[in-house]
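K.L.:
So the sequence lines, in the order shown, correspond to chains A and B. Residue numbers 601 to 895, in our numbering, belong to the letters of the first sequence in order. Residue numbers 12 to 434, in our numbering, belong to the letters of the second sequence in order.
No lab work stands behind these hints: they were computed from the structure. Any given hint could be a false lead.
Stated by the list, open to error - In silico DSS-like cross-links for lysine-lysine, where the CA-CA straight-line distance does not exceed 30 Å: (1) A:Lys650 <-> B:Lys277; (2) A:Lys647 <-> B:Lys387; (3) A:Lys615 <-> B:Lys387; (4) A:Lys650 <-> B:Lys387; (5) B:Lys141 <-> B:Lys261; (6) A:Lys759 <-> A:Lys846; (7) B:Lys380 <-> A:Lys647; (8) A:Lys666 <-> B:Lys360; (9) B:Lys112 <-> B:Lys141; (10) B:Lys380 <-> A:Lys615; (11) A:Lys615 <-> B:Lys360; (12) A:Lys785 <-> A:Lys650.
To be verified - Reference excerpt, derived from the structure (chain A facing chain B, CB under 7 Å, subset only): (13) Ala616; (14) Ala619; (15) Pro622; (16) His655; (17) Gln692.
The C-beta atom is built at its ideal place from N, Cα and C for all residues, glycine as well.
Chain residues, written in single-letter form:
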Amino acid sequence: MADAEDYHLIQSKHKAINALLPYAVWQEFGGNPEILDAFLHAARASKMLKFEWHHTREHASTILSKASPHTIVLVSPHIHWGLLTERRDLVQRWAAATSAVPYTEEVAQSVVGTLLQIAYYNRLLPHIPANIWLWLNMQPSLPPICEGRYYGTRLPVAKAVLELKDIEIIKSYFLLVWSEWDHLKDSVFDESCASLHQDFNEAWGGWHRGELIQHLDRILTQLNQGLEHLQQHNPNLEEYHFQRMKDQYRKLKDTLLEVVTGVSCPIIIPHCILTWWTCVGSHTRFMCALPLPCP
Amino acid sequence: MLGKQCLNRYHHIDQGTEIERSQNRQRKLDGITVWYFDYMVESLPSMLQVALLLLGCALSRYLWEVNTVVASVVIGLTSIGMIFYLVIITAGTVTESCPYKTPWSLIIRHLVSWASSTGLAITSAFRGSKTMRTIAENVQYYHPWWSRREITPFLKDMVLELPHALAIDVYHLGKMMVWSSYAFAVGACHLRVTLFMDLHRSPSILDWGVDLQSISWVLQVSLDKSSHLAALKHLASMMELTNFNPTLAKVCFNTFTDCTTVNNCKVVVIQGSEEVAAVSALCIFSTISHLLGTDPTSSVLEEVHQDYLKVFPVQVNFSDNQFYYTMNVLRCLYFQSWRRQGFHWNGYKPPFHEHAIAAQNFVKIAWFKYQETPGKVPCFVLRFALHSLSLDPLPSTSVIANCLLIIAIDLGCNVSDMIVGYR
Chain A
601 MADAEDYHLI QSKHKAINAL LPYAVWQEFG GNPEILDAFL HAARASKMLK FEWHHTREHA
661 STILSKASPH TIVLVSPHIH WGLLTERRDL VQRWAAATSA VPYTEEVAQS VVGTLLQIAY
721 YNRLLPHIPA NIWLWLNMQP SLPPICEGRY YGTRLPVAKA VLELKDIEII KSYFLLVWSE
781 WDHLKDSVFD ESCASLHQDF NEAWGGWHRG ELIQHLDRIL TQLNQGLEHL QQHNPNLEEY
841 HFQRMKDQYR KLKDTLLEVV TGVSCPIIIP HCILTWWTCV GSHTRFMCAL PLPCP
Chain B
12 MLGKQCLNRY HHIDQGTEIE RSQNRQRKLD GITVWYFDYM VESLPSMLQV ALLLLGCALS
72 RYLWEVNTVV ASVVIGLTSI GMIFYLVIIT AGTVTESCPY KTPWSLIIRH LVSWASSTGL
132 AITSAFRGSK TMRTIAENVQ YYHPWWSRRE ITPFLKDMVL ELPHALAIDV YHLGKMMVWS
192 SYAFAVGACH LRVTLFMDLH RSPSILDWGV DLQSISWVLQ VSLDKSSHLA ALKHLASMME
252 LTNFNPTLAK VCFNTFTDCT TVNNCKVVVI QGSEEVAAVS ALCIFSTISH LLGTDPTSSV
312 LEEVHQDYLK VFPVQVNFSD NQFYYTMNVL RCLYFQSWRR QGFHWNGYKP PFHEHAIAAQ
372 NFVKIAWFKY QETPGKVPCF VLRFALHSLS LDPLPSTSVI ANCLLIIAID LGCNVSDMIV
432 GYR
């Protein structure tokens, strides 16, 4: 098994590791998951956004046709979906596999990673079944460098999610892609701000707003620890990205607070109760019954 | 008659397949070389010539007492014959290209060269001798030593210095003899061990050697396509190429080029030679990949490389041919740019045995290239492994094993040349 410290070595050997993938899939199908586990472990430890060797996709259809649902789900994030042939069949096979595997954190990470990647491509987007989007609500913790994070912060994905008009999914999406590991594209940032104004201005959205504010506070706390601290987990981070992240997440928090102050409260409630409400709201899953503003 | 008898045995055509007959022929040929059959056959006429000379001499001797005139005529004829024979021998000895060669001229040539080398050795030994040096120095110092004035001191010095010089020479001579005896004993032991190993060597290895030699012979001598095809198929089926003659790679390449032409930058196979072309391409691949590991500095490799560049420059394509993949792999080996550009393996679904051979050859290339550029197995080799492992259904176990070996080599696993198949 490769260690996380070996990522340079793993990166230099990613072609050989990818060449092993078809055999690993065959073996897993035959009841020997060790090689596949090693492959997935190496892919995660590589700290490589595109771990896939582009020649693998020539054989992706054959590889996935013989794979078990569990393998399809776990391997999918490491396949470049944009240039695949037989896309529709593969997306359907993947979607079927997601419903056939039991939930684990690893599975949720893989499904969300693949979903955000598939949603990036206009040709693939229509083939995504609507129920797959609910996986976003699981809010798995995505690794600092992964396909899901990379594609999730792109405009086509942001638009696809926002067009769903499901506040729960949109909130989960924001919680996934807003992180100390990535800055947002300007267009995505603008779309996010617009969405905060449009979708989260309802008085009923108090609990969601509280959760988002708390998430942004956590990100800003992480960013305040400095670039070096973050580079330990994501060596690709640079000063420029770091500064942009700080600006963007501060502005997002300000936007959320603006939305909060814009929402009127029909009942006068003391400040201490409002604080308690927001805290409870951000830690529980029930919907806010009253149109209360966050403090 | 004796020679004729032996040659009849050699000419006897054994029953069996083309491969078995070729093996028998090769075995007989090897026997001829090992047992110096050619010397034996050549010595037979020489014996007759000696007998004729003796007859002439005896007849002359006998007739001299009976009739001097008749004897003179016989002596004259014998002498003319002998002079003619001596002239032929001399000419054959002096001139290498002289067509009138007899075994005697060859023997004399050997003797002369031996004598000259021995003479040089003796001369150098005398020059290095302390005794000879002492005498020479004294002769030079007391020149003219035979004069009445010099003879006494000259002899006196000689008596005083010669025993010491002789003792030194004897010491060196003895030391040299001891070393020679030791070297001779070691050589004898080595020879005995080699003979023992030869006698007890695995018959399959001997057979492979015989097979490879006979294949090479068939390809070079025969003009029959079916013989070529049989020989090449046998070569392609051989998983072990130990102790093969590097020229076999060139022979295979020549066979391939004989079957193909280049027309408008496209390789076209001559009608009826399709199978020979495909199998010979596979044989080129096998022999080249084996040579790369066993003898990368071989001149044959360079010759084939040059011939390949000359016959199939980079703009020539092999598409629509059975040997498309095989020849493109060679192209990847020879052209750096082509290696980067690569080619698609999509349609590569070779027969069972051909795939196994290709996989084994790719392992050899991977191993060699990894040694040449540490840490790097060429991309086209890894792509072969990826393609083979992606096939549905999976290829044979040997192909899978070899593909995994390629990956293991690239991952830096310690793979010995024995596993790769170079030994």
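K.L.:
All hints are to be evaluated individually against the structure, with a verdict given for each.
P.N.:
Going through the hints against the structure:
| no. | hint | in the structure |
| --- | --- | --- |
| 1 | A:Lys650 <-> B:Lys277 | violated, 38 Å |
| 2 | A:Lys647 <-> B:Lys387 | holds, 21 Å |
| 3 | A:Lys615 <-> B:Lys387 | holds, 11 Å |
| 4 | A:Lys650 <-> B:Lys387 | holds, 20 Å |
| 5 | B:Lys141 <-> B:Lys261 | violated, 56 Å |
| 6 | A:Lys759 <-> A:Lys846 | holds, 23 Å |
| 7 | B:Lys380 <-> A:Lys647 | holds, 28 Å |
| 8 | A:Lys666 <-> B:Lys360 | holds, 18 Å |
| 9 | B:Lys112 <-> B:Lys141 | violated, 45 Å |
| 10 | B:Lys380 <-> A:Lys615 | holds, 16 Å |
| 11 | A:Lys615 <-> B:Lys360 | holds, 22 Å |
| 12 | A:Lys785 <-> A:Lys650 | holds, 20 Å |
| 13 | Ala616 | holds, 4 Å |
| 14 | Ala619 | holds, 4 Å |
| 15 | Pro622 | holds, 4 Å |
| 16 | His655 | holds, 5 Å |
| 17 | Gln692 | violated, 19 Å |
Comparing the model with each earlier hint shows violations of hints 1, 5, 9 and 17; every other hint is respected.
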